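Engineer: In order, the protein sequences belong to chains A and B. By my numbering, the letter at position 4 of the first sequence is numbered 4, and the numbering carries on one by one without gaps. When you read off a place in the second sequence, starting at 1, and then add 1000, the result is the number in my numbering.
It is possible that some hints are incorrect.
[As the list claims (entries may be wrong)] Once the Cα atoms are required to be at most 20 Å apart in a straight line, the calculated SDA-like pairs of lysine to any residue come out as:
1) B:K1243 to A:E140
2) A:K155 to B:L1166
3) A:K155 to B:R1377
4) B:K1137 to B:I1147
5) A:K155 to B:D1244
6) B:K1243 to A:N139
7) B:K1243 to A:D142
8) B:K1165 to A:L222
9) B:K1243 to A:M160
10) A:K73 to B:R1388
11) B:K1165 to A:V154
12) A:K73 to B:L1375
13) B:K1243 to A:A132
14) B:K1243 to A:D19
15) B:K1165 to A:V156
16) B:K1165 to A:A223
17) B:K1243 to A:R152
18) A:K155 to B:D1172
19) B:K1252 to A:E143
Just so you know, these hints were derived from the structure itself, not from any lab. What you are looking at is a predicted structure, and each value in this text was computed from that prediction instead of being measured.
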Amino acid sequence: MSNYVFRMFGGSPMQPLQDHMAQVHLCASELVTFFEAVIGQDTARIQEAQASVVKFEHEADKLKKTLRLSLPKGMFLPVSRHDLLDMLTMQDNIANKSKDIAGLMLGRKMVLPESIAPLFLTYVKRSIDAVAQADTAINELDELVETGFRGREVKVVEKMIKTLNQIESDTDEIQIQIRSVMFKIETDLPPIDAMFIYRIIEWVGELADLAQRVGSRLQLMLAK
Amino acid sequence: MEYAYIFIILACIFGFFMAWGIGANDVANAMGTSVGSGAITIKHAIIIAAIFEFSGALLAGGEVTQTIRKGMIDTASIASTPELLVYGMLAALLAAAVWLLVASYYGWPVSTTHSIVGAIVGFAAVGIGMEAVMWGKVGTIAMSWIISPVTAGVIAYALFMSVQKLIIDTPDPFASAKRYVPLYIFLVGFIISLVTMFKGLKHVGLDLTTFQAYLFSVLIGIGMALISKIFINRIKHEPSEDKDFHYTNVEKVFAILMIVTACAMAFAHGSNDVANAVGPIAAVIGIVENGGEITAQSALPIWVLLLGGVGIVVGLVTYGHRVIATIGSNITELTPSRGFAATLAAATTVVVASGTGMPISTTHTLVGGVLGVGLARGIGALNLRIIRTIFMSWVITLPAGAGLAILFFFILKAIFG
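Just chain B, with the same shape it has in the complex (with noise of 0.2 Å):
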């Protein structure tokens, strides 16, 4: 294929300059609640996002890489003009970077998720031809855009419904929370760990097998919890400080769970949303690699994820930084017990979803999440306007991400073609 190596030069370009902007502006969304809380502090918010948003990429990545990869585009209707599917691929990855950077200059609450699936729609559908794109498969994703943040809420609700049940509404609060965050943090490791084993982490170069699994996601569980313990026994009750706020020591054993939620909660973005980024260089290389033939089997090569994880992490550290601060110099009401409950059930929707490939939106499910909390009568106030604001946005992006990327997809192929 001529020019093969400045379309895979160009992939990583464009994709790594998309996964900046993930980092950049998308980790503050993830990271939003656990900031907020007041239970983790900045410093603490990027160095967890980092590890964990790395690590979600690369181990947990792969499913939802291969999805935005070859899971939207019918390959057999252009067998013959392979060329077509680089240029669109390109043509997606820049669209979508570029509407991340007009939205973010112009402080829109896009999705990354949603400009990526829009972009590759748009110009299969209008570069190719309708009967190139997959429909049912992409019916499905958009139908997972609404199921994820209603789970995300049913799921919070229950998890808040349970703290109240379990430590809130006792005779001693304290005691309580100190007897069973442990268990809450047994559950986030042991979901966790489970999720992303399942999928297996044979691109890792470990295969195992179900009990296994299971096996390994209890040990993880356990160990996570009893290391918490040790920092939850360091704890002292203050009396004085339930003064004004009967609950005031109880959050404290709140902000531990907090901090392991928000590195699930990062595991998680970057398992799903660094997808986004890499799934087109995938498809590029791909074909490129092959010599011009699109081949279904072709495995999904781990530095193509290291390169999502490393752009996502330089987002973050060039810009993201900035995003966070933001949110830690406000007060909020949002105690660690509700941002545990909502970041916990977002967490857990989007890592399922990862591993079954399904590229949904992390903002939209962690702000279902929220609602989730709000609706059991958990949260002060929450301000509906701007719910709606981020709902509304996906309506936008789509025609967007695909308009751009139809424009850019016939640059490309009248200045290569």
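Same shape as in the complex, but just chain A (with noise of 0.2 Å):
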């Protein structure tokens, strides 16, 4: 014997979602370690820390997969379902691309010319930082719920939104300087090492980049 009108609530996506969201944040964080580790180009401290990248992913990744199981066709939500499961794949980009970053670094054991080096670290915790702003955006989406999605917390998270577009708009201002040096100091270098050197400074722009559409997939979910 079952309760039918207890059994028509599903589980809400919306909490596995901001967990989802929490574990990418956990694994674009290490890049920070990564880099610091990178520019004073401590072997041990980097694997180890491409290691944890590496191993938040695979967590977010089960997350995902879970999530994912637990949104079959046929569920009601107050989101459309199209756009939490878009959500979710750009969530876990951000993951994924942290995972290529830190992977493509050890691989080729690349090291940042000292010009750009502290630039760089402000530009990879730049990203980081829109990453950490859509997190916080997301984890309200338990209170919009709450709210019907309406009202003031639409504003708050309008807020949010809006202040994660400017921390993206950062970190192409911070793309910009370190390019200029690169172009300055590139004929210096090895030319493959110039070239990954630029390929990963197009990949830390990225993370920006998802992190600012996931703010935008949010709005519009808003909007609906």
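Take the two lone chains, each set in its own frame, and fit them into one complex as the hints suggest.
Structural biologist: Shown next, in the form of structure tokens:
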């Protein structure tokens, strides 16, 4: 015997989505330790930090799979199921990108030129700020359900998304500065190394881009 | 009439069996949102259900009982053969009770109301003749099955929106909750007592004028609001609990409201669903006591309502607590503010339906209420498949109840006729 009225209530996907984002944030944050180690050229610490990134990415993956399985068709949600699954993919891409950055830099034993090192660290930190801000905004999802996606709470979240966009444009500016410094010193570097540094610059920028897109998706959910 | 006592005894046994089934299975549905939101414990739910199901049955169960008893069959057509109605009512009771038992065994979500209405219409149409069924009235009942969930949905939507406007979407939701929740409690007490008193409490020895009914309802509402205010004032704001979820403290205030709403729901369920079991008993007693004559005027004996109420409570205590316990052991995202909106909407709809003598499905009405809150984007996830199963079940229940009733009707006719 079971209770039908009670069985109507499916598990809300909001908390799992928040948990996933928290895990992604944890994964991306590990990049700060990783870059500090790279700049300090501390091989043991580099490996350790890369292993952490990989571990956290795996855990985020597990959360992603559980959430996907718990969202079968026929669930009536306060937001579109499509938007929700898209959001999950974008969040997960942040963790994937973090893993790629750490993996590539470890694999190629990359060294950052001293002239860009401090700026690069600022750049990484600012990108992770964007991820952190996306995490903060996503964390409001259960409050949004409580308020029925309207009123004050919507304004709070919209403000958070605005801040997120601001942080993302900060990273764009830092990227321009790093690129201009790189342009001056690139001829002194082994060409292939320079090429890969450019690729890492791009990828770190993508972290902030992805975080911003998570924010945009959230904004779409508010507007439904 | 031959076998008069045997008929009454059989009616009481079948009716009690059915009331037991309602208590064992259906009460858990009525209490689902209350226990699921975590506002009341399983133990409290059982105590609330026992007290309020019983009082709902006794105080407000009369009208629906009359409908089940004599609202759907044109007794003029069988004036010369009243025993047919006795066999039919016994068959309908047995059919509905057996169908409930089978459905519960397989875990199908069937409505007790649909089973008994299907059974009565079935035996009347086949056993007596198509002209014996008052199709107009039956049509109205069928319409009410569509209207009641929709009404509950609309009320739930409106209640939820008012909660958003007055409490949640304010600078200090906790203070707003403390201010407005007693108002909602007043509303619960006022509506439930007004509908109950309006329909007259003559059968319990109270005859009130319209003015008195309004006056007493207002007083009951105010009394309940004041008592709840004491409990609400005891709730201390704990800022640390709002860290993960900003509305934890606000929901604590709503939990008080949810308790009151749970009482209203149990009362509403008792007022509507007990009739399914006692209506046919009343019909059998009416015929037998009048020496075989079918009189439309005979009053409803109060002990029949008592029997139904006791049956539900026995069902709840012997079996229903296990079904309620399965809810309590699960965690849901259903918070008291949502649970209250859905449940109060359903309770109001059911009590009004009871007052007008409409036998509706409490479970379906509650589902309508929950959907109303869901449409206001207030619930994290609703399983539409379960909802479809619930609404599909009545399509199967009507012919099943009818078929079983026809079968039992001819068996009883062969034995006693």
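Engineer: Determine for every hint whether it applies to the structure shown.
Structural biologist: Hint by hint, here is what the structure shows:
no., hint, verdict
1, B:K1243 to A:E140, "11 Å, holds"
2, A:K155 to B:L1166, "18 Å, holds"
3, A:K155 to B:R1377, "17 Å, holds"
4, B:K1137 to B:I1147, "15 Å, holds"
5, A:K155 to B:D1244, "19 Å, holds"
6, B:K1243 to A:N139, "11 Å, holds"
7, B:K1243 to A:D142, "12 Å, holds"
8, B:K1165 to A:L222, "18 Å, holds"
9, B:K1243 to A:M160, "17 Å, holds"
10, A:K73 to B:R1388, "13 Å, holds"
11, B:K1165 to A:V154, "14 Å, holds"
12, A:K73 to B:L1375, "17 Å, holds"
13, B:K1243 to A:A132, "17 Å, holds"
14, B:K1243 to A:D19, "15 Å, holds"
15, B:K1165 to A:V156, "17 Å, holds"
16, B:K1165 to A:A223, "19 Å, holds"
17, B:K1243 to A:R152, "18 Å, holds"
18, A:K155 to B:D1172, "16 Å, holds"
19, B:K1252 to A:E143, "15 Å, holds"
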